[in-house]
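**Student:** Next come the chains, spelled out residue by residue.
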Amino acid sequence: MGVAYKIDSDHAASRTYREALFRCMRGALANHPEAFLLGQGVDDHKGTFGSTIGLAEEFGADRVMDSPLAEESMTGIGIGAALNGLYPIQTHIRADFALLAMNQIVNMAAKYKYMFGGRFEVPMLIRMVIGRSWGQGAQHSQSLQSLFAHVPGLTVIMPATPDAILETYPWIIANHRGPVVSLEHRLLYDIAFRSDDVAAGNDPLTSRLLREGSDVTIVATSIMVLEAKRAAEHLAETAGIEAEVIDLHCVSHPNRAMILDSVTKTGRLIVADTSWKAYGVAAEISRLVCEHDPSVLRAPIATLGMAPAPCPTAKTLEDLYYPTLRSLADTAARVVTGRDDHGVALPEEASMADVYKRFKGPF
Amino acid sequence: MGVAYKIDSDHAASRTYREALFRCMRGALANHPEAFLLGQGVDDHKGTFGSTIGLAEEFGADRVMDSPLAEESMTGIGIGAALNGLYPIQTHIRADFALLAMNQIVNMAAKYKYMFGGRFEVPMLIRMVIGRSWGQGAQHSQSLQSLFAHVPGLTVIMPATPDAILETYPWIIANHRGPVVSLEHRLLYDIAFRSDDVAAGNDPLTSRLLREGSDVTIVATSIMVLEAKRAAEHLAETAGIEAEVIDLHCVSHPNRAMILDSVTKTGRLIVADTSWKAYGVAAEISRLVCEHDPSVLRAPIATLGMAPAPCPTAKTLEDLYYPTLRSLADTAARVVTGRDDHGVALPEEASMADVYKRFKGPF
Amino acid sequence: MKFANLHERLFYEALRIRRAEERIIEIYPTDRIQSPVHLSIGQEAIAVGVCEPLRIEDPLFGSYRSHAFFLAKGGSMRDMFAELYGKATGGCGGKAGSMHLTAPEVGFMGSSAVVASTIPNAVGAALAAKRRGTGQVVVTVFGDGATEEGVYHESLNFASLHRLPVLFVCENNGLAVHSKLSDRQSYDLCQHAATYGLPTQRCREGWNFLLVRDEMARAAEEVRSGSGPRFLEYQTYRYQEHVGIGCDHDVGYRSRAALEEWQANDPLLHDSALVDAFDLAIREEIDDAVRFAEESPWPGPEHLLADVA
Amino acid sequence: MKFANLHERLFYEALRIRRAEERIIEIYPTDRIQSPVHLSIGQEAIAVGVCEPLRIEDPLFGSYRSHAFFLAKGGSMRDMFAELYGKATGGCGGKAGSMHLTAPEVGFMGSSAVVASTIPNAVGAALAAKRRGTGQVVVTVFGDGATEEGVYHESLNFASLHRLPVLFVCENNGLAVHSKLSDRQSYDLCQHAATYGLPTQRCREGWNFLLVRDEMARAAEEVRSGSGPRFLEYQTYRYQEHVGIGCDHDVGYRSRAALEEWQANDPLLHDSALVDAFDLAIREEIDDAVRFAEESPWPGPEHLLADVA
Ligand SMILES: Cc1ncc(C[n+]2csc(CCOP(=O)(O)OP(=O)(O)O)c2C)c(N)n1
Ligand SMILES: Cc1ncc(C[n+]2csc(CCOP(=O)(O)OP(=O)(O)O)c2C)c(N)n1
Ligand SMILES: [Mg+2]
Ligand SMILES: [Mg+2]
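Residue numbers (the working numbering), protein chains in the order written: chain V, 1 to 363; chain R, 1 to 363; chain G, 1 to 309; chain D, 1 to 309.
These are calculated hints, taken from the structure and not from any lab test.
We treat Cβ as the ideally placed atom computed from N, Cα and C, and that holds for glycine.
Take these hints with a grain of salt, some might be off.
Said to hold, decoys possible - Derived contacts from chain G toward chain R, CB cut-off under 10 angstroms, selection only:
hint : residue
1    : GLY90
2    : ALA96
3    : ALA116
4    : ALA146
5    : THR147
6    : GLU148
7    : VAL243
8    : PRO299
9    : PRO301
10   : ALA306
To be verified - Cβ-to-Cβ under 8 angstroms is the rule here; a few derived chain D residues that face chain R:
hint : residue
11   : ASN5
12   : LEU6
13   : CYS92
14   : LYS95
15   : MET109
16   : GLY110
17   : PRO120
18   : ASN121
19   : ALA122
20   : ALA129
21   : ARG132
22   : GLY133
23   : VAL151
24   : ALA217
25   : ALA306
26   : VAL308
Can you make the complete structure from the sequences, with help from the hints?
**Tutor:** Written out as structure tokens, the structure is:
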């Protein structure tokens, strides 16, 4: 069940996140004459970290438009284009820059349909890349999903795998009539995932059950989904602990039933997110459980996220700033055993961290 | 204990929220030569809903500056002024407009200190008014505390009473060396509160215990604090239900111990906030309880907030959109009795709603 | 209604808008319109002159001060009053109120209460028009204050860069709420817009609907022929307070003399023959719309969560 | 170091910056500098020419491309290298990295990785300077791309409206990442800025540090005397790729011919006598700074949550 993955680009059926993005971008342009890309550098030789390379040449400059540095108006222009029959796909090479477009995203895109009594629709996809590693620092590292997910009218997703992208983007572009914010993780771009061909049947706009388990539920987002799957495999192999892993995926519209059923079964919950905890994903999932029935919890909820500070650039501090495979496995062992000295062997920090360490841009 | 209040401007020791704001604005200018006001219309005859009337005449146009329509730069200018020795007090007559300044608030003000290793400080106060009633609609009604409170580096408060303002603003302006976002509620401005003179001893940047009770804890923000106090009084009088009421006040830095002690005592929790529930205050308070010990909860947490939609303008829909004194009292009775048919007499909807109904601007 | 000439038709349109807003002033004290209203009394000539040369399918984007443009673009009087009343039969089912009037059926594409925020939307609609070859001219109407927002700069730049079929129409009433233009702006509107490579026109006689219309017609024709975006500044005067139904020439931020100067030119105040000829028909339309609004049902709870995403 | 004249001094400063960045290029493959670097090689003359007439207490705000301004304003070589290495002894204790260099002790007030975002900060610092009568001239340095952001428009307007002592300095290298200016801007930088009432100067010889310095000195003097804000455009050329240490004249977005044209004028490449005279001292300073950085301790866990609010 779910998506197998491997950091292994040689495997025959493997593809990278970048390749999945590229396939979706190309597919959007090829299959939807109304679709167009608008973003800084979408037409250059680096092509938004490889996800749009060559598309300007193939589809022309008016389908793949470079934009000035002007985030607020670019989003506003996207909205206006959507109102007049186009399908805009916008890119922010860092989610941080989308803060300049908050007015158009929150006051306009999110409200255009409701505010006018359903008389308009604003179908558009806004891609934002979460930066991390190699000294991205305070302004190139934010993971702003909860800011958007707080606001009714927006659909917010965080694809964690190439398959999640392939299952979601084409469907949204073809079918979804409202604005979608997608947070892509920069560190996933280069990772090759082994996978069956696109898993059919996953609802594109809800959560995904990736692994069944009876001891603890791990709800994770984005790159933390990978850590959660690795942690789960490690715990199963070394300690017989079976973690159930849920990829939250659609952070604005989580699958409540899936999460509540899982927590009811396991009695234990860990939320592993890519942003700060306060007013974030951990908070929201806690709310869902508490409003439903907190008595299903046999232990306090454990949460992982960025340290409560802006992101420092020094590697030593950055390493402390983010949760890791190791801290996640440790947390799970503690939650399941109820003890800090749980005796469970922890995984080599190396595994995923190696991927991060290999990351040196392009930025 | 706590702050007595009454909708009664004739009472000798009563003052309005507006008067408290005015007193603080005037005090800031009189006592701090480095302080200045910057905002649209701060110098006009309506003076930011009465909170700055006459101050331009008294202190001069360079202390009380009208601003162009340019939210992003005004915040940036405030930051720069703070870096060079001034204390800016900025006003957004609707919190919604602050979405245009998110980049400066989140990427700059919140990070200036940490990002530069503590070498700078950005002391400033950003006032944002939450609109409500009389058809404010989708873009003049947002209550954006959780967007700001998610971000480390910002201190976010929501004063619920004139006393909360008087205890907090002068202290912040005199002592706090970082950026503070304060969300003021437009509907509170006109309400006169009875109060002792400024209650000494409340920590300006934490939560406040307003009423003790043993049956249920109500954590509330802003205008919902008033509803919570009224609901608590009503429940005590009519049903002997004793609610403990906590004014969250500093939404970015809630008093965890106070909240957890209270919930541990009462076993029941209601969170009543002015914004949407998802990724909001209800979620954050749920997280605090769940991370600590969910077993203290004897019932699911009940939450009140805006309906999950943009705000409609029609009065009939607006009345359904916001939680009321009645819905809060009903919720509390249900949580405490564990039954929907609790038989507790509900308060006349009239009470606070009358105040809202009297509201006709100025906008 | 038959008109002898264009002058009469525009006069009628302008008078219709004025009378509709005067009716709002009458009704307002009854609290049946629970919505902040930003009136265009004094500014009607711009709306009628700008909309006359436009086709129904030409998209126009407005602001919170949009009663005039809503009606001039062809929005229905009933839709407007029912919307102001917050009724289910309003143009947006009561969710929009005065600040967000819209009528997509006649190309009135939405009005926003966040100053300047529909400007880039119009540019985007123009991008779509050009790409899809629809032949539309897109219009964005905004106040002088809106030009202070950064997005205005960004929008002019993009529109010019891509030679999009969009007309930037500025209603310059010299005020943003109570602040004078000279206290807010260091630039001349036309000179500034011209540096983006936009042809600009300034019309000082914002009360002169024929002149407004002629300048607009020329500009719209140019834009439609593919010559790229243009900027039009119309100077005008707001008679009422910024928001609400009152007059506020006594509170100190502007003089009564300026009002009287504008009123001296206001055709609606001086051509009593035409006023008499049209008033009855207009009153009937407004009476009908108000009755419709009053008798219409409120939106019910089933609408609260409809049309969110 | 003793200098015969201003030319020699500025030459030295510019060479010092170039050599420092060349050292970064050498070190980078070892992964000891784990921070995205935006190099100013080719643009140094602007930094040294702009900073020369400034006083220590004149605040200057920069961007992610700020090694040159950091050093020219007087920032310490050790602070910079230690910061690039992410060491506790860096100017910001390792929290800033290359993109946020800062040196408040010499008036270098912070550099932001969000394009254009320090422009209003400089305007605000100028407001404070004027209000407090400090006599400071405030400088904001930004690229040509930054002028496309709305906040630039808002900042020019406010600065001019209040006649603030701020100098807008644009390093126009004709590129934003890989996009040509003409693909992004419909306006001429100086003409546009002039419409806000700012005196403007364009200097085409961005390699000529004496000329850069003279224009800046005149402008700074004017600003200090209270005549209001000014705008300076310096045309220049970025030799390396946008971010990183490589050259990228082979990937198609720009020609090698343009590079060679600029290099033909570059004093640092041609006056080998001066280069020889200065290189040793410069190398020693850089060697020392690198050694200092390498030997310095990492910031420990106690710094992770320090200085947040
Ligand atoms: C972004 C934003 N800032 C502030 C306001 C508050 N406000 C509403 S109307 C207005 C004045 C706008 O002036 P102008 O653009 O000239 O239009 P006018 O009202 O004169 O038609 C202001 C400041 C707002 N609605 N939106
Ligand atoms: C607001 C924002 N948008 C986009 C980016 C990505 N970005 C970084 S540098 C850059 C180009 C800036 O060009 P310019 O201002 O001319 O400065 P230069 O790099 O040429 O010195 C861009 C688009 C950013 N950092 N911030
Ligand atoms: Mg105006
Ligand atoms: Mg550049």
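**Student:** Work down the list of hints and note, for each, if the structure agrees.
**Tutor:** Results for each hint:
no. : hint   : result
1   : GLY90  : 8 angstroms, holds
2   : ALA96  : 6 angstroms, holds
3   : ALA116 : 7 angstroms, holds
4   : ALA146 : 7 angstroms, holds
5   : THR147 : 9 angstroms, holds
6   : GLU148 : 4 angstroms, holds
7   : VAL243 : 5 angstroms, holds
8   : PRO299 : 5 angstroms, holds
9   : PRO301 : 6 angstroms, holds
10  : ALA306 : 8 angstroms, holds
11  : ASN5   : 34 angstroms, violated
12  : LEU6   : 29 angstroms, violated
13  : CYS92  : 3 angstroms, holds
14  : LYS95  : 5 angstroms, holds
15  : MET109 : 6 angstroms, holds
16  : GLY110 : 6 angstroms, holds
17  : PRO120 : 3 angstroms, holds
18  : ASN121 : 4 angstroms, holds
19  : ALA122 : 6 angstroms, holds
20  : ALA129 : 6 angstroms, holds
21  : ARG132 : 6 angstroms, holds
22  : GLY133 : 11 angstroms, violated
23  : VAL151 : 5 angstroms, holds
24  : ALA217 : 22 angstroms, violated
25  : ALA306 : 7 angstroms, holds
26  : VAL308 : 5 angstroms, holds
Against the hints set out earlier in the document, violations occur for numbers 11, 12, 22 and 24.
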